[in-house]
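Trainee: In the order they appear, the protein sequences are chains A and B.
Residue numbering for the first sequence follows our numbering, starting at 1 and increasing by one per position.
Residue numbering for the second sequence follows our numbering, starting at 1 and increasing by one per position.
These are computed hints drawn from the structure, not numbers from a lab.
Since no wrong hints were added, every one of them can be taken at face value.
Computed list of lysine-lysine pairs in DSS-like fashion (alpha-carbon distance at most 25 Å, straight line): (1) 17/B with 87/A; (2) 413/B with 17/A; (3) 234/B with 253/B; (4) 324/A with 87/B; (5) 15/A with 87/B; (6) 15/B with 87/A; (7) 397/A with 395/B; (8) 163/A with 391/A; (9) 395/A with 397/B; (10) 187/A with 253/A; (11) 324/B with 87/A; (12) 395/A with 17/A; (13) 17/A with 87/B; (14) 30/A with 6/A; (15) 336/A with 30/A; (16) 395/A with 6/A.
There are 2 protein chains.
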Amino acid sequence: MNLLIKNVILPDGDKLKTTDIAVTDGIIVKIGCADENFKADEIIEGNNRLAIPAFVNAHTHMYMSALRNAADDLPFMEWLFNGVMPKEDRLNGEQAYWGSLLSCAEMIKRGCATFCDMHLFPGNSAKAAAECGMRAVVSRGLVGSDGGQKRLDDQFAEIEEWKHEKNIKFMLAPHAIYTCDKEYLLKISSEAKRLGLGLNIHLSESKAEFNDCMRDNGCTPTEYVASLGLFENKTLAAHCVQLTENDISLLAKYGVSVASNPKSNLKLGNGIAPIYQLDQAGVNVCIGTDSAASNNSLNMFSELNYMTLLHKGTNYDSTAIPAKKALDFATVNGAKALGFEKLGKIEEGWAADIALLDTDVPQMMPLRNYYAAICYCCDGSETDTLIIDGKVVMKNKELLTIDTERLYYEINKIVDFLDN
Amino acid sequence: MNLLIKNVILPDGDKLKTTDIAVTDGIIVKIGCADENFKADEIIEGNNRLAIPAFVNAHTHMYMSALRNAADDLPFMEWLFNGVMPKEDRLNGEQAYWGSLLSCAEMIKRGCATFCDMHLFPGNSAKAAAECGMRAVVSRGLVGSDGGQKRLDDQFAEIEEWKHEKNIKFMLAPHAIYTCDKEYLLKISSEAKRLGLGLNIHLSESKAEFNDCMRDNGCTPTEYVASLGLFENKTLAAHCVQLTENDISLLAKYGVSVASNPKSNLKLGNGIAPIYQLDQAGVNVCIGTDSAASNNSLNMFSELNYMTLLHKGTNYDSTAIPAKKALDFATVNGAKALGFEKLGKIEEGWAADIALLDTDVPQMMPLRNYYAAICYCCDGSETDTLIIDGKVVMKNKELLTIDTERLYYEINKIVDFLDN
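The whole structure should be built from the sequences, with the hints applied where relevant.
Mentor: Below, the structure is given as structure tokens:
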């Protein structure tokens, strides 16, 4: 299957160039004039469109879009126990699937091709991703102090069910140190080792988590997890807001990837992760949206914008986290954390996960700089085409793999059920 | 002229209602079923659209959209002296007009009806606003240590020229304490008093400004301006990032309005204004985008989102600056600061400055909460209709008062001139 993307704008040093991208079987085979013998099965006209590597959303909870706007501006505990959990408790697997598909629709519309999901309902996000052609790393949120074998077994069954889907991968996800006891953490770590899977964990998100761990274990959450040997697995740690200098050294030493969720951390009153310092220490930083129940948006352009501006502002340094670096966080670093090889750059030999952005809109005028345009000007609505693994899933802003009419109908049904 | 906006969504306590809005000669005359004898000259079908008060952008530099993406990720002084100023020096009045019109186009597309501009080229933003039907408060940035009579005279001539345009108002704008000497500040203040005009000033934006003022005057920038008597004029102070507790008390005592520009302050490495504390002290807080050379976007939805999230996060309080309050900052508070009466709310007897937002998009599903949807879900692209002073300036995302083809042509010409 040959795809030709014509006349798109790419960076050329500090300048811009207009060029073609030829894709064969999901791989970028040529940037520039395609070979004469390249016969395109499909041609995308990219006129005046910026081509960017599609985003990798490194931390989210897909089903929770069904809970969007259910509880906001509340103290954290009230948000969780009165706002989110009572609705979550009533949600079933099929409703979680529709919630996940809604997340897929929003992400595709905003140029995101890949997500890392921590879920409660096996199969829901894998099914949504497979149907709409996204890449996913899926993990069941494992909680408990009862050994949690049932949840692990659910996870193993889910892995078995989706093992033939090449764009669906798995991690094991001990939810957090405050929802898993020590024995369960060790068990999950050993199962991950046995299966060669990575770990996906919420780590040091709030001051409460940090202080409780200091009180109970005499060390920081990061030190605690390191001391249990979890970091000997390939690990993706979400949040990492409350970190000491030693924590940053540990994350760097063990090659832990950090999925930062700047908007969720701010909105829930948890603060700002020391991303500038993590990056300086050589940690692989990536970006997540967290869920639509905490954010309440899954727009990676907005996260990208926060990622650059927030760390310039709080470090009093307008050169901190430049646009090009932040784009790497949101693309290739995420792919690396999730174990996708050669994903997240527009280069020959790399995967054809590409978003095209319309530049004929006031906020993109004048264009001048590729990276500044993406990080500082876009609101995300400029995305009009999305290609994942060489397949076109959105064209001229129309979703080709999702029936939105049906989706919205099902979402409204869920709201009627949950809110009344 | 009667306008009927049908079937829009408005808040109804904690719930939502679908209703009509009837407008006569720019004023909302009825919310609910219009009177039987209300004969609409124009009907807008608002199906599934949220009606919100159009934004008031309380601080910007309109012409600078022509300089967008010219210099980013640089140290502040390099940005200003090597990036912005050499281009600014080459810009002429007509080019500034096209830059201003580009700003108008971007703002209208993102639901903004009113702006407060500090410019270098008399007439450019007033002309742009008048042509496209926006409301504006216009001020010439007054700088100098030479008495600056010429710039004041330019300003007076501009005021005279536009005095018959009811939606164009003026302020006098001493640019900042570091660009105006004491005598000039006093002169401008006295001229403002004479003419009954408000003042528009950049205040305490950077640590450098704060520290220099402490060194040179033995007091903070806010104390310095207060001591000169400037606050005896109705004053709009932009930025106010570096503030002491006494500064906050002074701003409250003198009824100074603060135009906070959260994204610009972050991006230029200046930090975060103490908005939570200013609001608690009773200061009238409003929101600006600053210019497209520093931000680089004029999207008030994004500023609104930053305004809520940033102050929740940095105050470790998820209840800080709730969505409803932030929307007031971005609408009615801005109108108050700029001297527009009964502007910024959708209520009977108030001005018909209304934006309609499409809710049939993934990021707005499920809707549930009016204020959360506006502040936490929207990226701004949902805006499909904008009504200013009862006139429809955008319908179905099409700008009715701006020829964008010509505009983009002129902008590209300016880039060719400035960048080569």
